[in-house]
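K.L.:
Chain by chain, the residues:
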Amino acid sequence: MLDKTLTQLAASLDQGEFSSVELTQAYLDRIHSHNADLNAYITVTDQIALAQAATADERRAAGLAGPLTGLPVAHKDIFCTEGIRTSCGSRMLDNFIAPYESTVTARLGSAGAVMLGKTNLDEFAMGSSTESSYYGPTRNPWSRDRVPGGSSGGSATAVAARLAAAATGTDTGGSIRQPAAFTGITGLKPTYGRVSRWGMIAYGSSLDCGGPMTQTAQDAALMLNAIAGFDPKDSTSMDRPVDDYLALLHEPLAGLRIGLPREYFGDGLNEGIRAAVMAAVSELEKLGATVKEISLPRTELSIPAYYIIAPAEASTNLSRYDGVRYGYRCKDPADLEDLYKRSRAEGFGAEVQRRILVGTYALSAGYYDAYYKKAQQLRRLIRDDFQTGFNEVDVILAPTTPSPAWTLGEKKDDPVAMYLEDIYTLSTNLAGLPALALPCGQVGGLPVGLQLIGNYFEESHLLNIGHQYQQVTDWHQQAPPL
Amino acid sequence: MSIDRLQVENVAQLARLQVTEEAMPDTVASLSSILDLADQLQKVNTDGVVPLSNPLDATARLRADEVTEQNQRDAYQAIAPNATDGLYLVPKVIE
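One line per chain: the protein sequences are A and B, in this order.
If you number the first sequence the way this note's numbering does, the last residue is 482 and the count never jumps.
If you number the second sequence the way this note's numbering does, the last residue is 577 and the count never jumps.
Honestly, the hints are just simulated from the structure, not real lab data.
Glycine included, C-beta positions come from ideal geometry on N, C-alpha and C.
One or more of the hints may lead you astray.
[What the hints assert, rightly or not] Covered, in the sense of this in silico footprint (three residues per stretch, anywhere, with C-beta under 8 Å from a C-beta of chain A), are these stretches of chain B:
(1) 496-502
(2) 506-515
(3) 528-540
(4) 567-575
[Stated by the list, open to error] Quick list of in silico lysine to aspartate or glutamate cross-link-like pairs, DMTMM-like style, CA-CA up to 25 Å:
(5) K412(A) / D518(B)
(6) K373(A) / E392(A)
(7) K233(A) / E551(B)
(8) K233(A) / E548(B)
I would like the entire structure built from these sequences, with the hints used as guidance.
P.N.:
Written as structure tokens, this is what we have:
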């Protein structure tokens, strides 16, 4: 039963094939068998999960079940969960018991979802491999010596290895889509402002997006239905109507205009991934889509723009960790300054410290115009390039990553080498556009993926295309043997 | 652009982050390589381009100036490293 999608599990619960308590216990047993090896979860919440499952079974028996009632999911440990440790993968928050609940987890809870636990991530979501976590790296279930991607690597491994039916993730520069590609699952980065950031620990506030990580596009629609929408607690939440994301899944694709940006198919792209993506394009053509080449000429410049803007915002956001109000405090501080400086030096890992320093530098007097302002100007040009593209096509299709999952440790000590791997995902965040990552093949036994990038608030359309693609292919059904 | 040790010390002070003697060479080297990457920005002409800070060009929403939250001081201070009688305790600042 653990290979079933959320949609299938909901049907099984409805038909009484098994109870939510039985299902939840089966996931917990599987987690306890494999988590020591995969390190997908930082915290497993057995008691809470079983209590929520029992409540879900009662509600179902009373005829009060909603679309997610009794379905076991995992939360990236960046979402505050009241009364439960929320570590963000950092020593800084190793002792942080969140005093409030994030909007995303609260909405999933209200919709009846059962929380299995909190998943591993790069420290403060800063990374592309889940190796910078204070709790050690998560392993890729397809090949234990490889990274699962990041920063939502724990959630990706949990879903791919069937240690959860679905999971939440966050995507600041690709952190949902890239691990989805590396582990063979589906991941949706919504439009900026579509999903509330309340209670989602901040990294780059103008870029951060929460979203679903699932087996299928249909499941992503099911989860997005629960989490999307206006939230007065998030000042950048968009107050506009929310689609029923399940409603358009079955629309035919005849007449769909797909753009392939030539900059995403250049020399740096692995040939196996190129072939897999082009095979997917052929499938979509068979379904009635037309394809044309477009240009997103400043794609390469998204790397320097992102690696100024995101650290600048991070340096500001992370100034709150001062060893005074919550989180880690150093031993025996000599004075207040020493308390701040040592608490932060001892509480943050190397990559977080690097980004704080880069961001502080980019925002400091004399460098602001040359770095931060310049990056924000480029950000507008990158956004405008996408809008030019959407004048010609309905959606943009591209590989999610230039290469399959790399070996643990391979890029850990070379930050710039790691940053360059993000080339296909960063510009979407800079532009604030929605993007759906789908598995579309394997290269050397490792999953690889494509992404569909849509115009603002066109999540329904992306999920429709993803669902139709998954009706005629089975890459999303491949699971790693454990 | 490379960054030197003195600049790293200055930025670390601004960020209230201790960089140990041992970590300094690596920090200088990695920040320099990141700033080299960032310098690709300088080759783009952005004259007259308005900086984009919110991807939807949205501005902060205002709300009525009304009390909406309960005082939860005790709950919040329960997770503080050192709090007593409603106060956060830090090393002495004023003699």
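K.L.:
Compare the structure with each hint and give your call.
P.N.:
Quick rundown of the hints versus the structure:
1. 496-502: holds (count 7)
2. 506-515: It holds, with 4 qualifying residues against the three required.
3. 528-540: Contact hint for the region 528-540 of chain B vs chain A: holds, 10 residues under 8 Å.
4. 567-575: holds (count 5)
5. K412(A) / D518(B): holds, 19 Å
6. K373(A) / E392(A): With a Cα-Cα distance of about 30 Å, the restraint between K373(A) and E392(A) is violated, given a limit of 25 Å.
7. K233(A) / E551(B): holds, 11 Å
8. K233(A) / E548(B): holds, 14 Å
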